[in-house]
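Q: Now for the letters of each chain:
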Amino acid sequence: MLPLLLLTALLATALLAPTVLRCLGGPGRVILASVPPALFLYAAAASQGIWKGEQQYWSLPWHENLGINLDFALTPWGTLLCLLVLGVGTLVTIYGLAYLKGDPRENRFFFAFFLFMMAMVGLSLSDNLVILFLFWELTSVASYLLIGHYHEKLESRKSALDAMLVTVGGGLALLAGILLLGFVGGSYQISELVEQADTIRSHSLYPAIFWCVVAGALTKSAQFPFHFWLPGAMAAPAPVSAYLHSATMVKAGVFLLGLTHPILGETPLWHNTLSIIGAITMTWGALVAMVQRDLKRLLAFTTVSALGTLVMLLGLEHELALKGAVIFFISHAFYKGALFMVAGALEKGTGTRDVSVLSGLFKSYPLLGIAAALAALSMSGVPPFAGFVAKELLYQVKMETQAFGWFILSCGFVAGVANLVVAFNVGILPFAKKKEGAETSIEPNYKPTRFSFWIGPMVLAVGSLLVGAFPGFFLSDIVNRSVSQIANQDFYSKLKLWHGFNAVLVLSLVTLAVGVVIYRLRDRLWSFGEGLKNQFGWTAVGNFRRIWEGILSFCLWTTRLLQSGSLTQYVVVFMIVAIGLLTAAWRVSGYDLSIPGPIELRWDVASVLVLMTLAGWFLIRSKRMLTAILSLGGVGMGIAALFALYGAPDLMLTQMLVETLTLMLFALAICGLPKIQPPQLTLWGRSLRALVALGSGVAITLLTLKALDVQVAAPVSQEMAARSVPEAFGRNVVNVILVDFRALDTLGEVAVLFIAAAGVGAMARFRSAAERPQRSVVLVSAVRYVPLLVFVFAIFLLLRGHNEPGGGFIGGLVAAMSAILVHLATGDGRIRLLRMTPGAWMTMGLLVAVWSGVYGLLESESFMHAWWGSEFTLPAVGKVIIGTVLFFDLGVFAVVLGVVMKLYEVLASWAHPEEVGELRG
Amino acid sequence: MELFVAITIGWLMTCAVWLLLSRSLFRVLAGLALIAQVANIIVFSSAGLGDGGHAVIPGKENRLAEGHPDPLAQALVLTAIVISFGTLAFSLVLLKRNRLSSVDDTTQALAQTEDVHR
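Respectively, the protein sequence lines represent chains E and D.
Per the working numbering, the first sequence runs over residues 7 to 927.
Per the working numbering, the second sequence runs over residues 8 to 125.
Pulled out of the complex, with its shape left as it was, chain D reads as follows (with noise of 0.2 Å):
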C-alpha cells in the first residue's frame, strides 16, 4: 500500500508545484497549502505506515501493542499541521492587505512593488 501512498504523494507535490508556478496569488496560496500536506503526509508514511493498532497504550497494559505506528513521527505532525495552518492563515491575511493596497494580484505585479535592482 506504501507505494501507492507515495504515487498519491507524488500527484499531489505535482499539484502544488503547478499552482505554485501561476500568476494568480490566489492560486500561489493554495499551492502553499496543498505543499503543507503533501510534507506532512511525507513524514507520517515515511516512519512506516505500521501493521494496524494507534499510538495510545491500552489500559492496564505497559507498552504499546505490536505493530503499532511510530508516536514520534505523529507527534512531529501534529504540530506541523497546525504551524502550516498559521503560516497558510499569515499568508491568507498578507493576501488580502496586498488586495486591498493594490488592484492587481499577480505574482508579476509583486515583484515590482520591490526594486532591487539599485
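Bound conformation, chain E alone (with noise of 0.2 Å):
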C-alpha cells in the first residue's frame, strides 16, 4: 500500500534522524539525503498509471461509525503534489544538509523538516478530509518549529507564532467546515462527496461551509489580508524557505481549493470571491516585492503574489484557468525553489542579503549564477521557459474573462511587470558587476562552492527550461489529467510553448519592455520603499500583533474582573446570571403562571411549612452559633417531615439520620470559632444582598411551580416500578432503583463520598487525641451494651431494605452512630468499629460494590448485571435472596459507615481548644 508505506518511512526517518546525525557523522548525512530521492523515484514508478486515467483507493477502518477512516487516493492532483514534495524534498534535503551543516540545532531540525515531508505527503494523498484536516494541522506545526529555528531571536519566536496563530486559526474554520460538509454530504470521503456535489451547492448551509473552507485554504496560502505571516516566515534557515514557504506548504491551501472545486467550485461565490481576492493579493504582493530590498523578503513576496495569481485562477471562469492553474502550480515550484536556494546560498557566502549591496558575484559562483539567471529567466516569462508556458496561459485567460476583465488583466499586466523586476533583481543583479573593483567580498573562511550548493537550484532551473521547452512532452498528461480532476469533466488540450503572433504575445513583450525599464530605475523603487515604510507606521504583521495583544489584555482584564477571589462577588453573579437566564427561559416559552388547582388546605402539611419558615427566619437572624445550627436543623427535620407526609419513608429515614449527624457535625466544628460577626455593611451593600436573595427566592419559587405544571412524556419510574417485583424481586421501588436499575449511578455518588472523606483525612493529619479526663460513668457502661443493639438494627435495616423502607444508605448511617456513641462514652482517640478503622470499612465497601459489579460483568459482559441465588427468610426480616445486589447494598452501607465515622473522627479531634492550639503553633 503505497501511501502507508510512504508515510512510515517518513515518519521513521523523522524519528532516526537526530540519532542517525549523532551517531553515524557523515555517513549518517548520505543516508538521511538517500531517503527522499528513493521515496520519489518509487512513488513516480508506482503513479505511472495515474496519468494513464487509473486512479487506486485503499481504506483502512478506523472509527468507522463516525465516517473517518485512513482512506488514501492516488489521484492525479494528490499525485502531483505527492511527486512535487517528495522531488523538491530530495534537493532542498542535500542542499539544506550541507546548509545546517555545524548548527548544534541540527539534529532537531531533521527532525521536523522529516515530520513536514510526511504530513505533506499524507496531505496529498488522503481521500477522507477528517485526515486531511489532521494532516493539514500537522504541517502547521512543523513550520511553526521550523520557522522558529533559530529561537535564541525574538523576532523568529515571533514571526513563528504569527504562522501558527494564523495558519492554525484558518485550520480550525476548515475543521468547521469539514464537518458541516460531512453533515450535509453524508459522508468525509472526498469521492463520495463528490458525487454529492448538487446537493452540498444547493442546501442551505453552502455558504458556510464555502467560507469556512475557504477561510482554511486562504490563511495557509498567505492570502490578502493574511499575507503577511508569509515573509515573516523568512526567519527560518534558507531550506525551509525554499521548501514549505514556496514551493509546498504555502501550495497547500490552492491544492485544498482544487481538491474541493469538484464539490464547491463553479458558483458565483466561488468564482467571485476567489477571483477577486486572488487578483488583490497577486497585485499587492508584486508591487510590494518590487521595493524590497532583502533577497529573502523579495522572494517572499513574490510567492505571495504567486498564491494569489494560482487563487485566481481556480477562481475565474473560464475553460483555460485551471489548465494555466496546473501549469503555473508546477512551474512556480521550480523556479522559486532554485531562488531560495540561491539566496541562501549567497547569504552563507556573503553575510548578507542586500541586492543594492551584493555584486560581481558571479566570478565566484559561477554554476550558482548560471542557475539563478536561468530561474530568474523563467520567473520572468521569457520563452522557452516553463513560467513562459504559464505567462502565455495566464494573459490569454486574462485577457478573454468575462467577469471583471478589465480589473484582472490590469492587475495581470501590473503584477507581470514587478515580477520581471524582481526576477531580475534577485537572478541577475547579484551577480552581475555594477561597478569596476565594487565586487562584495566573500568570507574567506566560507566557500559554498560546494556540491550540495549548486545542485539543487540547477537541477530546478534546468527542469524548468526542459519542461518549458517540450511542454507536451513532460506536462500534457500530466496537466489536462489533473485539470480533469479539478474540473470534474474530461479536459484535453495540449500544451505549446509556441502559439503564433497574437495579442497575448504583444501584452507579454509590451510587460518585458516596461519592466526592463523599471528595473533601469530600480535604486529610485528602493528609496521609494524606504520613504513609504517611513511615512506610514503600520503594516499587516503590526497591525495583528496589536489586534493580539489586545485578546490577550482583554482576557487579563476579564480574568481579573470575574476571577476577583471574593466569594461574595462570585455568589452575586452567579445569582443574577442564574436569574436572568431563568427570566429570559420564560419570556421565550411564554409561560403564564397558573396555580395548580383548587387548593385544598392540608393542615399537618401546612404548620410543617409554617415551621420551616420560622427556622429559616431565626436561622438568618441568629446571632450565636448554636442558635443557628439548630434552625438549620429545624428546617431538616421539617423536610424529614415533609417527606413522610408525601410517602417517602425512606426519604423521612435518611433526612432525620443526616440531620442528627449534620448537628453533630456543626456542633464539633464551631468548638474554638470565634463568635458571628455583625454585618458591616452599607445601606447600598445591604439592599443589594437583600435583592440579590429575594430575587433567587422569587426565582425558585416559580421555577417549582413551573416543574409541577409540565410534564412533556411518561414518567420512567412507571416502567421502573412495574419491573420491581417480578424482575428485580423487590418491593422498596426507591431502594431497587437504587442498588439495581440504576447501580452503576449509585457506585459513582458512593465513590464520591468515599473522595470527600479521603480529602478530609489529608487535610487532617489525623493525630491522637489526648484521653479525656472526665468521663461520664452512666454512659461508660451503658455504652457497653448500646451499641451492639444499634449495630444489628442496622442491619436489620439493611437487610430488609429491598422490601420495605431501609437499605445500605440508611444502615450505614445507623451504624455509624452505634459507633460515634461509643465514642462519646469513652472519649478514646481513635474511632473503631468491630476491631475496624473508618478507612477499612471504607475501602472493604467500595471495593465488594465494584466486585458485585464485575459479577455481573463475567457472566454477563454487563457490569452491575444482577445476580440471583438462593431465598432464605429471617425472622423478623423477612425475605432475602442471596445476591449480587445485596452485596452491593452491603458495599453501599458499608462506604458511608466508614465515611461518617472518618468526618467525625477529623471533627472530633479538632474540637478541644487546647489541641487547637497546638495545632496552630
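Keep in mind that the hints were calculated from the coordinates and are not lab data.
The structure displayed is predicted, hence computed values, not measured ones.
Glycine is no exception: its CB is placed at the ideal position from the N, C-alpha and C atoms.
Check each hint, because a few of them may be wrong.
What the hints assert, rightly or not - Computed from the model, here is a short list of chain E residues facing chain D with C-beta under 8 Å:
1) Val200
2) Leu697
3) Leu700
4) Asn738
5) Leu750
6) Thr752
7) Ala762
Combine both chains into one complex, guided by the hints.
A: Printed below as a string of C-alpha cells:
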C-alpha cells in the first residue's frame, strides 16, 4: 500500500534522523539524503498508471461509525503534489544538510523537516477530509518549529507564532467546514462527496461551508489580508523558505481549493470571492516585492503574489483558467525553490542579503549564477522556459475572462511587470558587476562552492528550461488529468510553447519592455519604498500583533474582573446570571403562571411549612452559632416531616439521620470558632444583598411551580415500578432503583463520598487526641451494650431494605451512630467499629461494591448486571435473596459507615481548644 | 398545597442566598447546607407530591398503589441527601482547617490568600 509505506518511511526517518546524525556523522548524512530520492523514484514509478487515467483507492477502517477511516487515493492532482513534495524535497534535503552543517540544533531541525515531509505526503494522498485535516495541522506545527529554528532571536519566535496563529486559526475554520460538509454530504470521503456536489451546492448551509473551507485555504496560502505571516516566516533557515514557504506548504491551500473545486466550485460565490481576493493578493504582493532589498523578503512577497495568481485562476470562470493554474503550480515550484536556495547560499557566503549591496558574484559562484539566471528568466516568463508557458496562458485567460475583465487584466499586467523586475533583481543583479572593483567580498573561511549548494538550484532551473521547451512531452498528461479532476469533467488540450503572433504575445512583449525600463530605475524604487515605510507607521503584521495583544489583555482584564477571589462577588454574579437566564427562558417559552388546581389545605403540611419558614427566619437572624445550628436542624427536620407526609419513608429516615449527624458535626466544628461578626455593610450593600436573595427566592418559587406544571413525557419510573417485583424481586422501588436499575449511578455517588472523606483525611493529618479526663460513668456502662443493639438494628435495616423502607444508606448511617456513641462515651482517641478503622470500612465497602458489579461483567458481559441466588427467610426481616444486589447494598452500607466515621473522627480530634492551640503553633 | 410548598422553598432559598452573601465563613457554610436542602426538596416536589400512598409495593401486589409518589425522584433525593452531607462535612473540615491556620475567617480574608492578580 503506497501511501502507508511512504508515510511510515518518512515518519521513521523523522524519528531516527537525530540519532542517525549524532551517531553516524558523514555516512548518516548520506543515508538521510538518500531517503527522499528513493521514495520519489518509487512513488513516480508506482503512479505511472495515474497519468493514463487509473485511480487507486485504499481504506483502512479506523472510526467506522463516525465515518473517519484512513482513506487514501492516488488521484492526478494529489499525486502531482506528492511528487513535487518528494522531488523538491530531495534537492532541498541535499542542500539543507550542507546549509545546516555545524549548526548545534541540526538534529532537531531534521526531525521537524522530515515530519513536515510526511505530513505533506499524507495531505496530498488522503481521500478523507478528517485525515486531511490532521495532516494539515501537522504541517502547521512543523512549520512553527522550523520558523522558530533560531529561537534565541525574538523576531524568529514572534514570526513563528504569527504563522502558527494564522494557519492554525484558519485550520479551525477548515475543521468547521469539514464537519459541516460531512453533515450535509453524509460522508467525509472526498470521492463520495464529489457525487453529492449538486446537493451540497444547493444546500442552505453552502455559504457557511464555503467560507469555512476557503478561510482555511486562504490563510494557509497567505492570501490578502492574511499574507503577512509568509514574509515573517523568512526568519527560518533558507532550506525551509525554499521548501515550505514557496514550493510546498503554502501550496496546500491552493491544493485544497483544487480538491474541493468539484464539490464547492462553479458557483457565483466561488468565482467572485476567489478571483477578487486572488487578484488583490497577486498585485499587492508583486508591488511590495518591487521595493524590497532583502533577498528573502523580496522572494517571499513574490511568492505571495504567485499564490494570489493561483487562487485567482482557480476562481476565474474560463475553460483555460484551471489549466493555467496547474501549469503555474508546477513551474512556480521549480523556479521559486531554485531562487530561494540561491539566496540562502549567497547569504552564507557573503553574510548579507541586501541586493543593492551584492555585486559581481558571478566570478566566485559561476554555477550558482547560471542556475539563478535560468530560474529568473523562467520567473519573468521569457521563452522557452516553463514560466513562459504559464504566463502566456495567464494572459490569455485574463484577456478573455468575462467578469471583472479589465480589473483582472490590469492587475495581471502590473503583477507581470513587477515580477519581471523582481526576477532580475534576484537572479541577475547580485551576479552582475555594478562598478569596477565593487565585487562583494566572500568570507574567506566560507566558500559555498560545494556540489550540495549548486546542485539543487541547477536541477530545478534546468528542469524549468526542459519542461518549458517541450511542454507537450513532459506536462501534457499531468496537466490534462489534473485539470480533469479539478473540473470534474474530461479535459484535453495540447500544450504548446509557441502560439504564433497574437495579442497575448504583444502583451508579453510590452510587459518585458516596461519591466526592463523599471529595472533600470531600481535605485529610485528602493528609496521610494524606504520613504513609504517611514511615512506609514503601520503594516499588516503590526496590526495583527496589535489585535493579538488586544485579545490577550482583554482576557487578562476579564479574568481579573471575574476571578477576583471574592466569594461574595461570585455568588452575586452567579445568582444574577441564573435569575437572568431563568427570566429569559420564561419570556421565550411564554409561560403564564397558573396556580395548580383548587387549593385544598392540609393542616399537617401547613404547620410543617410554617415551622420551616420560622426556622429559616431564626437562622438568618441568629447571632450565636448554636442558634443557627439548631435553626438549620429545624429546617431539616421539617423537610423530613414533609417526606413522611408525602409517602417517602426512606427519605424521611435518611433525612432524620443525616440531620442528626449534621448537627453533631456542626457542633464539633464550632468549638473554638469566634462569634459571628455583625455585618458591616453600607445601606447600598445591604439592599443589594437583600435584592439578590429575594430575587433568587422568587425565581426558585416560579421554577418549582413551572416544574410541577410541565409533564413532557410519561415518567420512566412507571416502567421501573412495573418491573420492580417481577425482575428485581424487590417491593421497595426506591431501593430497587438505587441498587439495581441505576446501580452504576449509586456506585459513582458512593465513590464521591469516599473521595470527600479521603480529602478530609488528607487535610487532617490525624493525630491521636489526648485521653479526655472526664468520663460519664453512666454513659460508659450504658454504651457497653447499646452500640451492639444499634449495630444489629443497622444490619436489620440493611437486609429488609429491598422490600421495606431501609437499605444500605440508612443502615450505614445508623451503624455509624453506634460507633460514634461508643466514642462519645469513652473518649478514646481513635474511633473503631468491630476493631476496624474508618478507612478500612470505606475501602472494603468500595471494593465489595465494585466486585459485585464485576461479577455481572464476567457472567453476562454487562457491568452491574444482577445475579440472583438462593432465597431464605429471616425472623423479623422476612424474605432475603442472596445475590449481587445484596452485596452491592452491603458495599454501600460499609462506605457510608466508614465515611461518616472518618468525618466525625477528624472534627472530634479538633474540637478541644487546647489541641487547637497546639496545632496552630 | 403545592403552591405553599413552592413559596416555602422560595423563602428558604432567599435565606440561603442571604447567608451565602455574608462575611462570616460559618454563615456561608450554613447557607450552603440550606441550599442543599432546598435543592433536594425541589427535586422531590417537582415530580409531583402524589395523592398519598408510599413508593413501596404492598405485599401480594405486583404494582404500586394508585396515586403513588414518583420513586425515581425519591431515589435521586436519597443519594443527594447523603452526598450533600458529605460535601457539607468536607466544607466544615475546610472551615476548621482554615481557622487553625489563620485567625481571620471572613470571606475577604480567604480572597487574599490566593493572588490571581499576576
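Q: Restraint: E/Leu750 near chain D, CB-CB cut 8 Å. Satisfied or not?
A: Not OK, violated: E/Leu750 not within 8 Å of chain D, min 12 Å.
Q: Given a cut of 8 Å on the nearest C-beta pair, is the interface hint for E/Asn738 held or broken against chain D?
A: 5 Å, holds
Q: Would the hint on E/Leu700 stand, with a C-beta cut-off of 8 Å toward chain D?
A: 6 Å, holds
Q: Mind checking the CB of E/Val200 against every CB in chain D and telling me if the closest is under 8 Å?
A: E/Val200 check fails; min Cβ-Cβ to chain D is 50 Å, beyond 8 Å.
Q: Less than 8 Å between beta-carbons is the criterion; does E/Thr752 satisfy it with respect to chain D?
A: Given a least distance of 6 Å, the restraint on E/Thr752 holds.
Q: Given E/Ala762 as an interface hint, is the shortest Cβ-Cβ distance to chain D below 8 Å?
A: 4 Å, holds
Q: Hold the hint about E/Leu697 up to the distance rule: shortest CB distance to chain D must be less than 8 Å.
A: Violated, about 10 Å.
Going through the hint list in order, the structure does not satisfy hints 1, 2, 5.
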